[in-house]
Amino acid sequence: MSAAKAPPGHFSILYFAAASSFTGKSSEHLPAPVSARSLFDELEQRYPGMRDKVLGSCAVTVNLEYVDVEDGEDADRAIEAGDEVAIIPPVSSG
Amino acid sequence: MSTTEPSTYTPDIPSKPVTKTTPSIHVELTPNALNPSTATAFVRSPSAGATVLFIGTTRDSFNNLPVSSLAYTSYPPLAMNTLYAIATSMLTKHELTKIAIVHKLGECPIGEESIVIAVSAPHRQAAWRAGEEALEETKKRAEIWKLERFEGGEGVWRANRDGAMGTKVGSEEEKVKEENK
Chain Z
1 MSAAKAPPGH FSILYFAAAS SFTGKSSEHL PAPVSARSLF DELEQRYPGM
51 RDKVLGSCAV TVNLEYVDVE DGEDADRAIE AGDEVAIIPP VSSG
Chain C
1 MSTTEPSTYT PDIPSKPVTK TTPSIHVELT PNALNPSTAT AFVRSPSAGA
51 TVLFIGTTRD SFNNLPVSSL AYTSYPPLAM NTLYAIATSM LTKHELTKIA
101 IVHKLGECPI GEESIVIAVS APHRQAAWRA GEEALEETKK RAEIWKLERF
151 EGGEGVWRAN RDGAMGTKVG SEEEKVKEEN K
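Sequence order for the protein chains is Z and C.
Residue 1 is where the first sequence starts when you use our numbering, and the numbers rise one by one after that.
Residue 1 is where the second sequence starts when you use our numbering, and the numbers rise one by one after that.
No lab work stands behind these hints: they were computed from the structure.
Every residue, glycine too, gets a C-beta built ideally from N, C-alpha and C.
Where hints are given, some of them may not hold.
Said to hold, decoys possible - Only pairs whose alpha carbons sit at most 25 Å apart, straight line, appear in this in silico DSS-like list of lysine-lysine:
no. : chain 1 : residue 1 : chain 2 : residue 2
1   : Z       : Lys-53    : C       : Lys-140
2   : C       : Lys-139   : C       : Lys-16
3   : C       : Lys-16    : Z       : Lys-25
Said to hold, decoys possible - Restraint-style ranges between C-beta atoms, simulated for each label pair:
no. : chain 1 : residue 1 : chain 2 : residue 2 : range
4   : Z       : Glu-80    : C       : Ser-37    : 40 to 50 Å
5   : C       : His-123   : Z       : Pro-33    : 50 to 60 Å
6   : Z       : His-10    : C       : Asn-32    : 30 to 40 Å
7   : Z       : Arg-46    : C       : Gln-125   : 50 to 60 Å
8   : C       : Thr-92    : Z       : Asp-74    : 25 to 35 Å
9   : C       : Ser-47    : Z       : Pro-8     : 50 to 60 Å
10  : C       : Lys-93    : Z       : Glu-65    : 22 to 32 Å
11  : Z       : Ala-59    : C       : Thr-88    : 16 to 26 Å
12  : C       : Asn-35    : Z       : His-10    : 37 to 47 Å
13  : C       : Gly-153   : Z       : Gly-49    : 19 to 29 Å
14  : Z       : Glu-80    : C       : Ala-33    : 37 to 47 Å
15  : Z       : Gly-82    : C       : Thr-22    : 26 to 36 Å
16  : C       : Pro-46    : Z       : Arg-51    : 52 to 62 Å
Claimed, not checked - Stretch by stretch, here's where chain C covers chain Z in the computed footprint (C-beta under 8 Å, at least three residues):
no. : region
17  : 11-24
18  : 78-90
Bound-form chain C, shown alone (with noise of 0.2 Å):
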């Protein structure tokens, strides 16, 4: 399917925000633009002497290929269970003193936010670390999918766990995907 086609795959996404949200954690899946200060003021505490905020913006190109738009599709429910637990984790693991991970869905406009991570701790090593960490868990893990389409019109699924791009939309007899794991 092109994307002058009407696409037989709609991604279906929730018309409002998807939250969870505890003293210390912040999780959300959401259709909204994303507001970064929103996270940050979230893991803001007089025991937190570090903040460490990543903002994940899409990019224009893959490999050299002119991305023309993206679109993020989710499965809601789990991808909100497997965010929280990264979340839990990382707040063990690391001592944060709180942690928000909010993840866009639906079309993300190139050069816009498509995730926001931010967290707090006492101090500045742990806060790094989990701000890295909880990207990389959240990029390898959270049931949520990108689909590039490319100037000229294809449509293509990444897979983020091979660098290589997924199946193009709509023409499963040329499957691109590089076997370079």
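So that you can see chain Z by itself, here it is in the shape it has in the complex (with noise of 0.2 Å):
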């Protein structure tokens, strides 16, 4: 499930349900360190159109920490090489 390790100086991230969907992956390494409040935005300019169809209802995770990346102090922190995010749309189990 996780992605393998990612190589010097990236982060890796994990998509899941819609977020894979959209990006036809499920996870990939993307360079670091970029904050928080930036990972729409970076994600956004890798797959346009991405924020309004999947992210403006999607939650994120960084080492599987629910982390607020719109707002407050989690916005300001960094995500670092070796983290592992995760794009985390509306749950369905049952």
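Starting from two chains that each stand alone, build the complex the way the hints lay out.
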């Protein structure tokens, strides 16, 4: 499930459900560092339209902890090389 | 992507069950068929006078549209943390004796078990309530996603939180998510 270890200077990002369908990938490695606040901009640049169609309803985890990338102190943190980021669309178990 | 085409998205699921077990909690994500009696056996205890078992099975329709197949995917390490946190909180809040939450991953044929929750408690009221709350919390929070494929080939990611369809797979322009939260 987890992506292969990121090469030096990169973090791993995992895409689930609609995020995976939109990007056509389940994971990739992106250059680090990047501020949490700019993560969605970064993704929008790579996948035009993703913010409106997917990211707007998604949560983000960094190393298995939820991070608010749009507001508050969380948004100021940096995503560092080796981190595992995940895009979490609305869930649908059961 | 339709079901007849190779999908660019392959549900990435563990080949073996992922479990976390303590004397009073068992949580599991598994590619195997679920066995409700195993969950029941886990929670059975001489100090519990009540056992409640919930079995969720996959339905053959969504809003009257025929569903031909279903698959669940997950972010297992995170979903396991969440399931364990839910189990721990139910155990304390409802003074349960034991609790088991097991969810299927991968293809789940229509009519088969996708989730099994078993709880035991000294008395029935706590067991009923905890069983229901454990299910609702799991549906709300566990990082598991259901892909429903409709007859005719279209795949749709469901979202529990609004009871509406999620995003159609491979046709992002046609997002059919209703804004009726």
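What hint numbers does the structure not satisfy?
-> When the structure is compared with the hints, none of them turns out to be violated.
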